[in-house]
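Engineer: Sequence:
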Amino acid sequence: MKLEDIKTPAYVCEEAKLKSNLNILSHVAKESGAKVLCALKGFAFSPGMPLVSKMLNGATCSGLIEAKYAKEHGFREIHTYSPAFSDDDIDEVLSISHHVVFNSFAQWRRFATKAKNSKASIGLRVNPNVSASPTDMYNPCGKYSRLGITKTNFEFSELDGIEGLHFHALCEESAQSLEIVLKAFEEQFGQIIPRMKWINFGGGHHITKAGYDIELLINLIKNFSQKYGVQVYIEPGEAVGWECGFLIASVLDIVDNEQKTCIIDASAECHMPDTILMPYRPKIRGERVDGKFCYRFGGATCLAGDIVGAEAGEPIYSFDKPIDIGDRVIFEDQIHYTIVKNTTFNGVKLPSLAMMDESGNVAIWREFGYDDYAKRN
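Residue numbers for the sequence shown follow numbering that gives the first Met the number 0, so the first one is 0 and each next one is one higher.
Derived from the structure by calculation, the hints contain no laboratory data.
Just so you know, not all the hints are guaranteed correct.
[As the list claims (entries may be wrong)] Pairwise CB distance ranges, derived in the manner of DEER restraints:
1. Ser45 - Tyr369: 18 to 24 Å
2. Arg75 - Glu154: 31 to 37 Å
3. Lys221 - Glu3: 24 to 30 Å
4. Lys320 - Arg145: 46 to 52 Å
5. Ala15 - Glu186: 40 to 46 Å
6. Ala303 - Glu30: 17 to 23 Å
7. Gly325 - Phe367: 46 to 52 Å
8. Gly141 - Tyr227: 25 to 31 Å
All C-beta atoms in this analysis are idealised placements derived from N, C-alpha and C, irrespective of residue type, glycine included.
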């Protein structure tokens, strides 16, 4: 079917754009020697998984559920890290995963015997205390961070069975930011890096964003790998799903209270959570800087603050033509960090999942309804 024929709300992934991102990431892997993993916490769009699992080296998971998802979708390597593993999960995590990363020496000691008896390669997450992030909410190395072991707390004598180190200090950042973090990581942990088989540079690499210095990234990886004789991994999430799809919604009503507000069948609170948490203002297809017709867009929830772009301070969108009830609205770049974080607050329907092929044909992969709400409550 065509886009105008689908029911809203729906997340629509554009196959051609996803392939383009994956081609860039595959190029980085080929030229640098790094293995590129898809961070499922940022991109777990099931209709796109056959492409992702084929073109990337594996998936990085935040616990047992994501590890099982990675296995189901055929990823060649499954890497699992959690701030803390439970007794209930650890056996299956170790059996499914190729790499397992512990967040503390307490966790490592607790599960060391099981880990050593498994086939998984074991690593520790470290905190270099140097990071780059647009907001503290997404800063893995911020003050009092619970994520990773600082040099002060690192037990350099307790590495029997440890084959790798993992750091994650970026969020939607450049290769220049990685260069700064990498320098701090080497200064603090350089004495043990030669003892490792692999080093994971974590995520937050905005590789597929226009202007990203891909050649610098490739050189950083190659030089590091050659210097220490280790396999390098990177695990971008947003770079996989960056600008490869959108959220389409319908205007249900227009309320005029000194400013016209379109009430849509989607929601910033439920379906675009990072627009509130980051915060940022998503682009709407067809908006104009100097348009004569101005609107706000609010979700069909009871939350007063469920206004698109309000947290970023720019909730007004302008257009050349007026908007009418029943019109479709497309919010750009709403595939990464949306589906994985959305909610059924207020019983608002979850958007359908759809793929658009290179000819513009759209196929609905999954629709949601009452059962999805009821099973979560």
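Engineer: The hint says 18 to 24 Å between Ser45 and Tyr369; measuring C-beta to C-beta, is that right?
Structural biologist: 21 Å, holds
Engineer: Falls inside 40 to 46 Å, the C-beta gap from Ala15 to Glu186?
Structural biologist: For Glu186 against Ala15, whose Cβ atoms are near 43 Å apart, the range 40 to 46 Å holds.
Engineer: May I ask you to test the hint 24 to 30 Å on the CB atoms belonging to Lys221 and Glu3?
Structural biologist: 47 Å, violated
Engineer: With respect to the beta-carbon atoms only, verify the hint that Gly141 and Tyr227 lie 25 to 31 Å apart.
Structural biologist: Hint holds: Cβ distance 27 Å, inside 25 to 31 Å.
Engineer: Is the distance from the Cβ of Ala303 to the Cβ of Glu30 consistent with 17 to 23 Å?
Structural biologist: 50 Å, violated
Engineer: Please check whether Gly325 and Phe367 have a Cβ separation lying inside 46 to 52 Å.
Structural biologist: 22 Å, violated
Engineer: Using the beta carbons of Arg75 and Glu154, state whether their distance is inside 31 to 37 Å or not.
Structural biologist: This hint holds: roughly 32 Å between Cβ atoms.
Engineer: Has the hinted range 46 to 52 Å been met by the Cβ atoms of Lys320 and Arg145?
Structural biologist: 50 Å, holds
Checked against the numbered hints given earlier, the structure breaks hints 3, 6, 7 and satisfies all the rest.
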